[in-house]
Amino acid sequence: AQRVTQPEKLLSVFKGAPVELKCNYSYSGSPELFWYVQYSRQRLQLLLRHISRESIKGFTADLNKGETSFHLKKPFAQEEDSAMYYCASRGAGNMLTFGGGTRLMVKP
Amino acid sequence: DAGVIQSPRHEVTEMGQEVTLRCKPISGHNSLFWYRQTMMRGLELLIYFNNNVPIDDSGMPEDRFSAKMPNASFSTLKIQPSEPRDSAVYFCASRKQGADGYTFGSGTRLTVV
Chain W
1 AQRVTQPEKL LSVFKGAPVE LKCNYSYSGS PELFWYVQYS RQRLQLLLRH
51 ISRESIKGFT ADLNKGETSF HLKKPFAQEE DSAMYYCASR GAGNMLTFGG
101 GTRLMVKP
Chain X
109 DAGVIQSPRH EVTEMGQEVT LRCKPISGHN SLFWYRQTMM RGLELLIYFN
159 NNVPIDDSGM PEDRFSAKMP NASFSTLKIQ PSEPRDSAVY FCASRKQGAD
209 GYTFGSGTRL TVV
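Residue numbers (my numbering), protein chains in the order written: chain W, 1 to 108; chain X, 109 to 221.
Incorrect hints may have been included.
[Said to hold, decoys possible] Computed beta-carbon distance windows for the label pairs: (1) W:Arg3 with X:Pro178: 22 to 28 Å; (2) W:Phe14 with X:Ala110: 37 to 43 Å; (3) W:Arg3 with X:Ser174: 24 to 30 Å; (4) W:Arg53 with X:Arg172: 39 to 45 Å; (5) X:Arg217 with W:Ala17: 38 to 44 Å; (6) X:Ala110 with W:Arg3: 30 to 36 Å; (7) X:Asn160 with W:Phe14: 47 to 53 Å; (8) W:Met105 with X:Asn158: 35 to 41 Å; (9) X:Gln205 with W:Ala17: 38 to 44 Å; (10) X:Arg217 with W:Ile56: 42 to 48 Å; (11) X:Arg217 with W:Met105: 19 to 25 Å; (12) X:Arg217 with W:Lys73: 30 to 36 Å; (13) X:Ala180 with W:Phe14: 46 to 52 Å.
[Claimed, not checked] In silico contact screen, one side only, chain W against chain X (beta carbon under 7 Å); selected entries: (14) Arg43; (15) Leu44; (16) Leu46; (17) Asn94; (18) Met95; (19) Gly100; (20) Arg103.
Just so you know, these hints were derived from the structure itself, not from any lab. Beta carbons are placed, not taken as given, at the ideal position from N, Cα and C, and that holds for glycine.
Pulled out of the complex, with its shape left as it was, chain X reads as follows:
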């Protein structure tokens, strides 16, 4: 199993551009989570899905952020338009129902200039 796969690993974009981050969860995992990691705030949960359905998006900072999970094997996190304060590492994680821990991807390091 390749684990949770995120792409791209690094993204540098200009302010105002649209950014799309991608995540492929582990096959058979039915929950998917998007987290943002910054020095100031640590790890913040943005949104999570259960069986492809968004359950809690209260952590999404503002309307510029949106997330989708069109099927069990793919999710996207989109920022439009991006701003410098969005610069962070974005992690995707998945979990199998009944399991204790999450499996995290390697993250996408986003830099907005």
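Just chain W, same shape as in the assembly:
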């Protein structure tokens, strides 16, 4: 069974500091990995996916198969980045399995 682990429930940083939101997955095959973001009182939105290797709002995430990780990074955090972040994986089936989420707070 797939499992996605986000070890930090809360991450608090100051504006301008680097951010790394950790995500580890367990899946025997080749999963598709995603990061979703949920701003206060809004719906979940897809932030980025590992397949496209894109940078969205300054965030990047690299799939490390050796460490089974897909950490989300941003070199300089902004206050508007404060939100709930969910890592998710999709295996052979259609379902997304989400991690427990990490709340990022960026202080001024």
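Add chain X to chain W, keeping to what the hints say.
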């Protein structure tokens, strides 16, 4: 496109009452998912449908929960009887075949007192 539409946005009900949550997926999306979000457990998949057919309902917590998708544009999640521990935000999401991501609705915040 209005996106995935969920109703009601908020529901407060008494323990023992029946609760029905509604979802309208994006037109043309053939997969629909119901998730429950709580502080303790995060996002849990309850059930998902493919072409209106339930594929995996292993996440449905117990028999009090049931979900239907009578057609491609409508799904319901019913809790009968409701209990205080059912209090959570329930999200519906849909996905088009072949697409990467899901599109989520705004959620229904359920409070059972």
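We went through each hint and held it up to the structure:
Against the hinted window of 22 to 28 Å, the Cβ-Cβ separation of Arg3 of chain W and Pro178 of chain X comes to about 33 Å, which falls outside the hint. Roughly 38 Å separates the CB atoms of Phe14 of chain W and Ala110 of chain X, a value that falls within the hinted 37 to 43 Å. Between Arg3 of chain W and Ser174 of chain X, the C-beta spacing of about 27 Å keeps the proposed range 24 to 30 Å intact. The beta-carbon spacing between Arg53 of chain W and Arg172 of chain X, approximately 44 Å, falls within the hinted interval of 39 to 45 Å.
For the hinted restraint 38 to 44 Å between Arg217 of chain X and Ala17 of chain W, the CB-CB distance of approximately 33 Å leaves it violated. In this structure the hint that Ala110 of chain X and Arg3 of chain W lie 30 to 36 Å apart at CB holds, the actual value being about 34 Å. Checked against the hint of 47 to 53 Å, the pair Asn160 of chain X and Phe14 of chain W passes, with Cβ atoms roughly 49 Å apart. Between Met105 of chain W and Asn158 of chain X the C-beta distance comes to about 38 Å, which sits within the given range of 35 to 41 Å.
Here the CB-CB span from Gln205 of chain X to Ala17 of chain W is close to 41 Å, well matched to the stated 38 to 44 Å. At about 27 Å, the CB distance of Arg217 of chain X to Ile56 of chain W disagrees with the hint of 42 to 48 Å. A C-beta distance of roughly 22 Å is found between Arg217 of chain X and Met105 of chain W, which places it inside the suggested range of 19 to 25 Å. Checked against the hint of 30 to 36 Å, the pair Arg217 of chain X and Lys73 of chain W passes, with Cβ atoms roughly 32 Å apart.
In this structure the supplied range 46 to 52 Å holds for Ala180 of chain X paired with Phe14 of chain W, their Cβ-Cβ distance being about 48 Å. At a threshold of 7 Å, the smallest CB-CB gap from Arg43 of chain W to chain X is about 5 Å, leaving the interface hint in force. Interface restraint check: Leu44 of chain W against chain X, minimum CB-CB distance 4 Å, threshold 7 Å, status holds. Annotation: interface hint on Leu46 of chain W holds; nearest CB of chain X at approximately 4 Å, less than 7 Å.
Evaluation of the Asn94 of chain W hint against chain X yields a held restraint, the C-beta minimum of about 6 Å falling below 7 Å. Given hint, Met95 of chain W at the interface with chain X, holds; its Cβ is 6 Å from that chain's nearest Cβ, closer than 7 Å. For the restraint placing Gly100 of chain W at the interface with chain X, the shortest Cβ-Cβ distance is roughly 4 Å, inside the 7 Å limit, so the hint holds. Contact between Arg103 of chain W and chain X, as hinted, is not supported at the beta carbon level, the nearest pair being about 10 Å apart and thus beyond 7 Å.
Comparing the model with each earlier hint shows violations of hints 1, 5, 10 and 20; every other hint is respected.
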